[in-house]
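Going by the numbering used here, the first residue of the sequence shown is number 70, and it counts up by one from there.
Honestly, the hints are just simulated from the structure, not real lab data.
A portion of the hints provided could be inaccurate.
[What the hints assert, rightly or not] Quick list of in silico lysine-lysine cross-link-like pairs, DSSO-like style, CA-CA up to 27 Å: (1) 270 <-> 753; (2) 726 <-> 683; (3) 726 <-> 691.
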Amino acid sequence: MLHFRFILRQIRSSHKQALIFVLCVALSLLTLVSLGGFSSSVRNSMLKDARQLHAADIIIHSHYPLSSRLVTAIMDFKEQGVAVGAMVYEFYSMAANPAQEESVLSHLKVTEPGYPFYGRVELASGRAYSEVLTPGSIIVEQPVLDRLNVELGDHLQIGSAKLVIADIVIAEPDRPVSFFSFGPRIFIAAADLDNLDLIRKGSRIHYNYLLKVNDPKMVDRLAGELATVAADPQERVNTFENAESGVKRFFENFLFFLNLIGIFTLLLAGIGIQTALQALLRDSEYTIGVMKAVGATNRFICSHFIVMILMLGTAGTVLGLGVSFLLQSYFPTLFTGILPATVNLEIAWDAVFEGLLLGIAVVALFSFLPLRRVRDLKPAAIFRKERGPAQAGLDQYVIIAVIISFFTGLTIWQLEDVFTGIYFVLGLFGLLGLTTFTTLALLRIMRKTRPRTLALRQAFRGLFRPKNATRAIIITLSASLAVIFSIYLIEQNLQATYIESYPPDLPNVYFLDIQTSQRRDFADIIDMAAQFYPIVRARLASINNRPIDREVERQRRRDNLSREFNLTYRDFLLDDEQLIAGDSLFGKRTEELHQRGEVPVSVLDTVAEIGDIKIGDLLVFKVQSIPIRARVTSMRTRTESQLRPYFYFVFEEETLKAAPQTIFSSVKMDRAKLAQVQNRLTEKLPNVSVIDIAKTIEVLARIMHKLSAIVQFFTSFSIIAGLLIIISSIFATRLARIREAVYYKIV
70 MLHFRFILRQ IRSSHKQALI FVLCVALSLL TLVSLGGFSS SVRNSMLKDA RQLHAADIII
130 HSHYPLSSRL VTAIMDFKEQ GVAVGAMVYE FYSMAANPAQ EESVLSHLKV TEPGYPFYGR
190 VELASGRAYS EVLTPGSIIV EQPVLDRLNV ELGDHLQIGS AKLVIADIVI AEPDRPVSFF
250 SFGPRIFIAA ADLDNLDLIR KGSRIHYNYL LKVNDPKMVD RLAGELATVA ADPQERVNTF
310 ENAESGVKRF FENFLFFLNL IGIFTLLLAG IGIQTALQAL LRDSEYTIGV MKAVGATNRF
370 ICSHFIVMIL MLGTAGTVLG LGVSFLLQSY FPTLFTGILP ATVNLEIAWD AVFEGLLLGI
430 AVVALFSFLP LRRVRDLKPA AIFRKERGPA QAGLDQYVII AVIISFFTGL TIWQLEDVFT
490 GIYFVLGLFG LLGLTTFTTL ALLRIMRKTR PRTLALRQAF RGLFRPKNAT RAIIITLSAS
550 LAVIFSIYLI EQNLQATYIE SYPPDLPNVY FLDIQTSQRR DFADIIDMAA QFYPIVRARL
610 ASINNRPIDR EVERQRRRDN LSREFNLTYR DFLLDDEQLI AGDSLFGKRT EELHQRGEVP
670 VSVLDTVAEI GDIKIGDLLV FKVQSIPIRA RVTSMRTRTE SQLRPYFYFV FEEETLKAAP
730 QTIFSSVKMD RAKLAQVQNR LTEKLPNVSV IDIAKTIEVL ARIMHKLSAI VQFFTSFSII
790 AGLLIIISSI FATRLARIRE AVYYKIV
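Let the sequences and hints guide you as you build the complete structure.
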């Protein structure tokens, strides 16, 4: 039979420790539940607005003009009246103010009538997009006006055409967040595309054909039929439900990292739960001793304290869920500029249910060891104030194994990646193990140290006072600060390497999409020595006759083998490269390889690690569906991690010289000359894009600062766990400190 008056009396007598316990339980849930609820809200909003996010029912994407078979299938659907479509071209080019000879790299979006099929392009004038964007006119973002000193009604030179600024774009449905872009947006009518004269052989263009299906039930069937005639993997056919979104991909990757911090906070809060409960039960030791002395059984005592823990755990869980909802309301402000402003916050009941289960599991796991001590307490030892160390039994090792298994399972479940989850758990417990070992060694040294100063000697003794959680405090705060400082040092290192200390000898301007026939004219315009890098775009089809599984590759958090690669050709190493395998770039067996219908290729170690590529492996590339069989003859590595051009795959010149290609160039140029060069390029070679690294670095610095602030916000919760343990320790040792103070006054 339970005596609730006894339970309530115990809570009241140790109300401060009980409060710390409740706060630790709440903290253990706070980060994961709030992130889970927020993530669910964002995903639901994106799913609800998926058609608007992609502006169509079916999206066909390619870096090349659509194949004839695919175009024929699209035309058949349109003629049958089952769908309507519009082509959208996206690429970068220079836009210039001819009146003041100023130019800016811009992100052009050329659209056919009908775009967008869902959502609305919001304009400053409030007028309809289709009404404003007519042949000869353009719609621009505000930064275009600011940087080129132009107004509505003025003309801009884009390529070979002069177009009038008709309006200002505020938002577009399929680009809800302008998180990172090399230039501001400019909308152009498809009727002006030929007049621009910007699309050349090998130019980097995104071809997106958007289809609106009249019968929503036919979307999947039509997409499947189009996919069967598309040139895979060059052309991708997706519906609005499964199409890739840059915003969604970034959000999921960033949330992946924040969940790691949430799990770390959960573990530290669990240590806080255990420490607070130990302090609470120590306050009740005399009560427990009296109860055992008068005949109370372990089962009777433990059942009452288990109910007390359940009551406090429930209070902590409810508090954690409540605060997590409040925290979610702050997330739109915290994530400003990263997520769409249209995200609707909702109570994610699945996250609430998961939070309840998580709260129960955490309280149960971290309460076992303190309750085990209650079972083993001897009344005589309590009354004699004997403090013998608790003996570790099999059950203690079992519960530790269960805790480790629980966190491993939780990590894998949260991250949805088995190997990353295991690596993270190993790293996390490795950090805690190292911190624990260092703490024990430090405390052992301090225990043996006898300072001459009385105050310092008493301070050292205070660390080892009964009921003091010195070890837990040091471990928790050390681990928290280690993570925070690691993140801070990474940020500072990136800041110092790429932003503050950009090497003066490195190129500060990149030129893209130079045609091979324009190389001499380009050299005359810049009038200085420059490095030229030919670029041939291709996809890796197989490794040792094993086809690349593109669906699996796209699940990788970082770089993957499913994307399109930039190949190049040369017979020398760059200044920041060195060979780590092979005696030369292409070896001494090139003639033998050519006789077998193969060509040599040098591979960078970065991509070799991704695909487990080794010397002698056979790689098959497809350049616009034409296969190239390449044998790996050498491995390269980079000696500097700086903003220098680099290529994963390097071929002989004779292999790729005839392939469709563009040229990429980089130079070191002062600001005054850069402005002149930009204007001359806009006039004579309008298809050449100019990337000013200084401005790119400014954008990078702003992004890094924003992401760092978010990470530090979530990491701060792990510090709070350490502070709660400190407060708990202060409460637990209050009477001992008062007793010592009285003794000192007496003597």
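A quick look at each hint next to the structure:
| no. | hint | result |
| --- | --- | --- |
| 1 | 270 <-> 753 | holds (17 Å) |
| 2 | 726 <-> 683 | holds (26 Å) |
| 3 | 726 <-> 691 | holds (15 Å) |
Violation of the numbered hints given earlier is absent; every hint is satisfied by the structure.
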